[in-house]
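Using the hints, position chain B against chain A.
Residue numbers (the numbering used here), protein chains in the order written: chain A, 5 to 414; chain B, 13 to 262.
Hint data in this document are derived by calculation from the structure and do not stem from the laboratory.
A couple of the hints might just be wrong.
To be verified - Footprint (simulated), chain B over chain A, 3 or more residues, beta carbon under 8 Å:
id : region
1  : 10-17
2  : 370-377
Unchecked claim - Partial selection, computed: residues in chain A whose CB lies under 7 Å from chain B:
id : residue
3  : M5
4  : V7
5  : V303
6  : A306
7  : G308
8  : M309
9  : R310
Ideal placement from N, C-alpha and C gives every residue a C-beta, glycine not left out.
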Amino acid sequence: MSVETRYAVRSVTRNARRTALSIVGIGVGVALALLMESVNRGRDELFARVGATSGVGHLRAVPAGWRAKRDVRMRLADPEGALAAARALPGVEAAAPRARAQVLLAMGTHVVPVEVAGVDAEAEARVYRFASKVAPGRWLAPGERGAVVVGQAIADRLRSEVGDEVVATAVGRGGDIESLMLRIVGVVATGSDETDLSVCAAPIADVEALTGLPGAGEVTVVLRDWRATREARALLAAALKGGDEVMTWGEINPEFEGHLQQDAATTRFVSGVILLVVLLGVASAQLAAVLERRREFAVLAALGMRGWRMVRLVVQEAVALGLAGGAVGLAVGLPLVWWISVRGLDFRSFMGASYSFQGVVFEPVLYGDVGAWIVPYALAVSLGATVLASLYPAWFAARTDPAAALRAAQ
Amino acid sequence: MTEPVLSARGATKTYRQGKLDVPALRGVDLEVREGEFLALVGPSGSGKTTLLNLVGALDVPTSGELSVLGKRVASLSRAERAELRLRSLGFVFQAFNLVPVLTALENVEFVLELQGIGATERHARALQVLAELGLADLAHRRPAELSGGQQQRVAVARAVAARPRLVLADEPTANLDGENAEVLMHLMRDLRDRHGMTFIFSTHDPRVVAHAVRVVTLVDGRVARDEAKPGEAPHEILPGVGKPPEAAGS
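Isolated chain B (complex conformation):
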């Protein structure tokens, strides 16, 4: 058995809205192991984003236990949670959220710079990961000069550039058309296969769910169903994207 990257026991999260307490998670039990490719599904308001925020150490649970990579999120200070995100977690957002004034290359480099990696190495690594995602030719374009699918691939490059152990993606294909959604899912699977990263992504899209190896359904802030697929669906890298840099030119 591999070590759990996520362990939740009775995790709850309640938001205060005015004088009202609004429960978003009502006691989640979940364990995710290294290398899993897990889809979080469920209707709007079921707590998917809230759970991702807790797993991403962006927020802390109101009660219960939630550990990420062996660290209890609730006991970490603000700075320690930032350090955990920086060193071990990657994020992909629904709205891409690239820095608009930086090029694709700089967006990826910036995360490596935050980790204190020197200029030459971070430049090379950022170029490598962009090439891996089929974006080498677009490295010097700013987000506004890229299509939605390209922007989301840059966002994935940014999330995985530092080789995090866990990548969290909140509705990563929600703003993409079917073809781009497919490409993105293939690329994420490929990254997971090659680098052993764990992916947890929330989605409403059944085509995306089809790529998941495990599907966890949340309803009303609780895990309603947890299905592991017996065999992983085969996937291929679409032409022109996703090839490793050494194979890109062959």
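So that you can see chain A by itself, here it is in the shape it has in the complex:
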């Protein structure tokens, strides 16, 4: 270790009380920043996971032009190829085909307009989380025909229950009105009427028969890690044929993504304000330290130490302070982050058992994220803040006029 570095590190210990206060300040700032970032990442993960398994998926293969028209009658050019390519993606959790149609569901005199999703029962159960939460009744069985699972709000409006038969009416391929009898085999209660009204799943073969449109209109893909969405999108796009396209969950549901980004920006702004306060505190303490050592810097200048080396000396002191502050931040922040990742922030007491936004239902318990990012993040924040805070004091030290400073000291 160079003498200069030893000099810098030991200088940090000169005024123990000021150093301790600075380290505690940095530590608290880092701990708060860790907490905010953990919650931010946890929320990102929650939104991505819940949003994806609410039916949107992380990625969706759609027909050419669907992005602009959003017409449910459009079908993929190569549905089998798209499904195979989706299932071959690295990191894919599941992929499921769907064919959608606008139908009128009727029982007796009660009619409800819905968008029915024709699904592969087995594959859909892996991408749609409410498939495992059907009560009363059950989810669609593999190969089953003439069955439908509806949301509680639809069942209520039809005055129907499990076992009842409903008539699905749609406009066929040639413009004729087509009807099909479907038996309700299960009801899904998501906790949100808005979301329940969008739950209507029937075998894909029945939807094909009703609409006269063969094949899937989309392939929904759920990834094991939502952060891989961009890479997976590129791979899937390259594998699709016939002009079929890929959209991410954010493109399919831009309001949802916008809400997420707005929340993230707010959290990061608050983190930034916290860090700015810490930074100003450290800058003030360091400037005081440099002013106290004005004579010492004058002597260093007299010995021939150049300005840039004085800057480096003060910055090294800041690095030592930052490392200590980062360690304190980790010591304080890690247990908090760990606690939030295990226990979660529970908003149920004032938001109810579930919360719905843009048709996506959340359980309002937010779990923080814990991962390998924590240590580098804490160090980056603490070192970034302290080094930035040290620049003005360092510049001040480098500008010391040795003759004037020594004269003033006499």
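Frame of chain A, contents of chain B only:
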């Protein structure tokens, strides 16, 4: 004739205090040659420290000519003056001004590190110069663990470690008792004799003046008297300090 290490012709320095111009030097003419052991004396406010600051390239003259080691101080940039101080000048201050968080050895090593000398060589050289000044046993002590005399010897070690051509000392014995002042002057004479360095020191102390080979008296910012002593007073290295490293153990 040896080459002048310092040449001043009508050098002035005026400080601005508020709206007032305060002249500190009013036209100094002085030439100092290599190897001289020169005392600057004069009453307080006579301009001794100001002249040392100009010679040390810590400041520039307001007017007149002042060259140090052949370089006109006024024409040097801030960086060039720093380079001159680093490579060719050594400083000893009245208040020692050692870095309090570094040991004696590190204080000396630091100057060598600033010169870009590698770790092994600078360590050896710093130990050697500390031994030369009788401080080998105290090398790992911090300034607060040393007496005033020991601190000033470390400061001298720091000033001469890089073998500068010119060493400037501003009242180096002002904070020392008589015995330590004597020891320090002997050591500085010895360093000058062995390494051919030029020493210029300011002082009020007549015992210190007695060691000088040349005495320049400043009064009101001008050289009032310039006396060269015909014969140098004999000096000896006091027991336990100042022996060259090779003789230290004998």
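- For which of the previously enumerated hints does the structure constitute a violation, in increasing order of number? Numbers 2, 3, in rising order.
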